[in-house]
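**Student:** These are the residues of each chain, in order.
2 protein chains.
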Amino acid sequence: MILSLDAMGGDRAPAATVHGAVWAARDFGMTVQLVGRPEAIEAELAKHDTTGLDLPIIPAGEVIEMDDHPVKAVRAKKDAGMNVAVRQVKAGHSDAFITAGNSGGALAAALFGLGRIRGIKRPALSTIFPTSSERGFCFLLDVGANTDVRPEFLYQFGLMGSLYAERVLGVSKPRVGIVSTGEEEGKGSTLVKEAAELMKAAPYNFIGNVEGKDIPAGLADVVVTDGFTGNVIIKFAEGLSKFLLGTIKQEIKARPLAVAGSLLARGAFNAVGKKLDYREFGGGALLGVNGVTIITHGRSDAYTIRNALRVAGNAVEKDILHAIKTGKKEI
Amino acid sequence: MILSLDAMGGDRAPAATVHGAVWAARDFGMTVQLVGRPEAIEAELAKHDTTGLDLPIIPAGEVIEMDDHPVKAVRAKKDAGMNVAVRQVKAGHSDAFITAGNSGGALAAALFGLGRIRGIKRPALSTIFPTSSERGFCFLLDVGANTDVRPEFLYQFGLMGSLYAERVLGVSKPRVGIVSTGEEEGKGSTLVKEAAELMKAAPYNFIGNVEGKDIPAGLADVVVTDGFTGNVIIKFAEGLSKFLLGTIKQEIKARPLAVAGSLLARGAFNAVGKKLDYREFGGGALLGVNGVTIITHGRSDAYTIRNALRVAGNAVEKDILHAIKTGKKEI
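First to last, the sequence lines map onto chains R and D.
Counting in the working numbering, the first sequence runs from 1 upward without gaps.
Counting in the working numbering, the second sequence runs from 1 upward without gaps.
None of these hints come from the bench; they were simulated from the model.
It cannot be assumed that every hint is accurate.
Stated by the list, open to error - Residues of chain D placed beyond 12 Å of chain R at every Cβ, according to the derived structure:
id: 1; residue: G29
id: 2; residue: P38
id: 3; residue: G119
id: 4; residue: D301
id: 5; residue: A302
Unchecked claim - Listed next, the in silico SDA-like pairs over lysine to any residue satisfying Cα-Cα at most 20 Å (straight line):
id: 6; chain 1: R; residue 1: K253; chain 2: D; residue 2: K275
id: 7; chain 1: R; residue 1: K187; chain 2: D; residue 2: R122
id: 8; chain 1: D; residue 1: K213; chain 2: R; residue 2: D67
id: 9; chain 1: R; residue 1: K249; chain 2: R; residue 2: N270
id: 10; chain 1: R; residue 1: K242; chain 2: D; residue 2: E185
id: 11; chain 1: R; residue 1: K213; chain 2: D; residue 2: M66
id: 12; chain 1: R; residue 1: K249; chain 2: D; residue 2: G267
id: 13; chain 1: R; residue 1: K242; chain 2: D; residue 2: L245
id: 14; chain 1: D; residue 1: K249; chain 2: R; residue 2: K72
id: 15; chain 1: D; residue 1: K213; chain 2: R; residue 2: R255
id: 16; chain 1: D; residue 1: K121; chain 2: R; residue 2: T190
id: 17; chain 1: R; residue 1: K187; chain 2: D; residue 2: K275
id: 18; chain 1: R; residue 1: K72; chain 2: D; residue 2: K47
id: 19; chain 1: D; residue 1: K249; chain 2: R; residue 2: K187
id: 20; chain 1: R; residue 1: K249; chain 2: D; residue 2: A271
id: 21; chain 1: R; residue 1: K253; chain 2: D; residue 2: E134
id: 22; chain 1: R; residue 1: K173; chain 2: R; residue 2: I320
id: 23; chain 1: R; residue 1: K275; chain 2: D; residue 2: A271
id: 24; chain 1: R; residue 1: K249; chain 2: D; residue 2: K253
id: 25; chain 1: D; residue 1: K253; chain 2: R; residue 2: G267
id: 26; chain 1: D; residue 1: K275; chain 2: R; residue 2: E238
id: 27; chain 1: D; residue 1: K249; chain 2: R; residue 2: R255
id: 28; chain 1: R; residue 1: K213; chain 2: D; residue 2: R122
id: 29; chain 1: D; residue 1: K249; chain 2: R; residue 2: L276
id: 30; chain 1: D; residue 1: K253; chain 2: R; residue 2: A271
id: 31; chain 1: R; residue 1: K274; chain 2: D; residue 2: Q250
id: 32; chain 1: R; residue 1: K253; chain 2: D; residue 2: K121
id: 33; chain 1: D; residue 1: K249; chain 2: R; residue 2: D67
id: 34; chain 1: D; residue 1: K187; chain 2: R; residue 2: M66
id: 35; chain 1: D; residue 1: K275; chain 2: R; residue 2: Q250
id: 36; chain 1: D; residue 1: K213; chain 2: D; residue 2: K242
id: 37; chain 1: R; residue 1: K249; chain 2: D; residue 2: G246
Given the structure is predicted, the values throughout are model-derived calculations rather than measurements.
For every residue, glycine included, the Cβ atom is placed at its ideal position computed from N, Cα and C.
Bound-form chain R, shown alone (with noise of 0.2 Å):
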């Protein structure tokens, strides 16, 4: 197993990217093509063991920034850390592309150097998202990739992400549901309502509409909605539950006795907070594109892209490709 990541991608690179590629190189045995300046790179693994570790540099001298516009950059920065890594992929170097950085450009990246899969309309960026059922989490997609779909999208969504939680997440026939305003049928945008009727003929488990309430709830294992609203849903969980965590903080803190009891209650906060933690999930992958790709938090720590590589790892190995390409369910 050989992934490439871009060392020099997201707001902690290259400290905590090769940090996270030691990490995982060490914990999953497997090869981490580390993708970017090789000053830069060496720096970092100086502060290492990698003794029996097979971590190589790959030479890439231009980064594709936080705040470049994605597409331009992309274009033109051809020897960009992520434009170098997907060249690793589609040569054949390389089993997958692993970024923290600019998520647009990581996008644009993926799809231009790698392509489609031949009759896959639009990528996907999916997630991970944690629930209350007993499985504990659902996969929710597309949230970022497509801001303007149309229902064949959204039902080609149900079907990736379907593969997806069967092969690599190891769920059972995934109920797929597709966000709406109410559970009944009919309920919803014309996009949805048409969406759903092309879903109703699906070869995947299709359960109807779900609500936002049901997300948490985790009433679909696998969750398909259009980008716009996908990015909107998991951005606002990540504001909801700061809003909430804080509040309950703030209030504990004005009570005096409530100090006391917070002391007490704290290994229940971080269970919570570690539940909720996007570092647990390690990014999520671009599907549809012609090769294995997973796009993590511009935030990523160390333990975000050793949790990452790992991700990448699995789906190389579960051959998400392959299930994708074949459109069936075959395990």
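Model the placement of chain D on the given structure of chain R, informed by the hints.
**Tutor:** Chain D alone, transformed into the frame defined by chain R:
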């Protein structure tokens, strides 16, 4: 001030509605017309001390049930409480229509019975949403009246929201934002980009795009979105809050010491619950119809009904209808 309450509407009607009306009549000195089945209303009124309160009963023999098809039921049941209450407003015998009943039915009853304000293309359902800002809330619309919108509808939602926030909620020069996938201009769906272009030239204080995470942070005082996205947001907020608070409680229960902690911290938890409680906000105004209309949660209890009547009273007192009709911000 005379308000017309759909006394039979909502999961807990008529007990909660009549109780809420008694409460509001006493607290705010308003006349509340109780519209519905006289014997049911009288039986509830008998449970309260109504000395000195003005609570006339307006007979209405039919009810739009929670599982009725909204538009069909509103058309078929001419003598439903919602329709009778709306006719009270239309005829000038009342200043506002308030209901906790079938919300689709309430939309239809208000739209058919009162019509749109001249020049307003689509009415929008609004809500007050808690934020971590100093003000503690934002005004969010549309949360479900229109699942398919055009840019000019969003432009008008911004106008109506700004006027409401300024006149009724007392926010000076409200910052109006549009929900999108990135803060930078040009991010988002085609719909949002076109709407933002219109809003840049609006007579209100348009501050551009807000992301999902910016809503609970209170970056905008008025948050404009289409009724599909808005509905998903508020229902997702409900589900996520339940999940988060439930998880914290579960984690606390799992720890022996934490149980003691949680007893001490209980006051803090209650304060947070209150902050998030839709009961405090008293329902959302349906803006753009030609009569003050407040639609509140189907699960409303007496306290929510009381607050919804207070919200209606404020909207009447501050003459939001006149403000929207003139479209100017003259306070």
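**Student:** Now tell me if each hint is right for this structure.
**Tutor:** Here is what the structure says about each hint:
1. G29: Holds: least Cβ distance 34 Å, greater than 12 Å.
2. P38: It holds; P38 of chain D is separated from chain R by about 33 Å at its closest Cβ, greater than 12 Å.
3. G119: With a cut-off of 12 Å, G119 of chain D remains clear of chain R, as the shortest Cβ separation is near 25 Å.
4. D301: holds (19 Å)
5. A302: holds (24 Å)
6. R:K253 to D:K275: With a Cα-Cα distance of about 16 Å, the restraint between K253 of chain R and K275 of chain D holds, given a limit of 20 Å.
7. R:K187 to D:R122: holds (19 Å)
8. D:K213 to R:D67: holds (19 Å)
9. R:K249 to R:N270: holds (12 Å)
10. R:K242 to D:E185: violated (25 Å)
11. R:K213 to D:M66: holds (19 Å)
12. R:K249 to D:G267: Since the Cα atoms of K249 of chain R and G267 of chain D sit roughly 12 Å apart, the hinted pair holds (cutoff 20 Å).
13. R:K242 to D:L245: holds (13 Å)
14. D:K249 to R:K72: violated (48 Å)
15. D:K213 to R:R255: violated (28 Å)
16. D:K121 to R:T190: holds (19 Å)
17. R:K187 to D:K275: violated (30 Å)
18. R:K72 to D:K47: Violated. K72 of chain R to K47 of chain D sits at ~71 Å, over the 20 Å cutoff.
19. D:K249 to R:K187: Cα-Cα ~34 Å, so violated.
20. R:K249 to D:A271: Status holds; Cα separation ~11 Å.
21. R:K253 to D:E134: With a Cα-Cα distance of about 17 Å, the restraint between K253 of chain R and E134 of chain D holds, given a limit of 20 Å.
22. R:K173 to R:I320: holds (16 Å)
23. R:K275 to D:A271: violated (23 Å)
24. R:K249 to D:K253: holds (18 Å)
25. D:K253 to R:G267: holds (11 Å)
26. D:K275 to R:E238: Holds. K275 of chain D to E238 of chain R sits at ~18 Å (cutoff 20 Å).
27. D:K249 to R:R255: holds (19 Å)
28. R:K213 to D:R122: Not OK: K213 of chain R and R122 of chain D at ~26 Å, beyond 20 Å, violated.
29. D:K249 to R:L276: Given that 20 Å is the threshold and the Cα spacing comes to 15 Å, the pair holds.
30. D:K253 to R:A271: Status holds; Cα separation ~12 Å.
31. R:K274 to D:Q250: Within the cut-off at roughly 14 Å; holds.
32. R:K253 to D:K121: The hint is violated at about 48 Å.
33. D:K249 to R:D67: Violated, at roughly 41 Å.
34. D:K187 to R:M66: holds (15 Å)
35. D:K275 to R:Q250: With Cα atoms ~12 Å apart, K275 of chain D and Q250 of chain R stay inside 20 Å; holds.
36. D:K213 to D:K242: holds (18 Å)
37. R:K249 to D:G246: holds (16 Å)
Figure legend: structure checked against the earlier numbered hints; hints not met, in rising order: 10, 14, 15, 17, 18, 19, 23, 28, 32 and 33.
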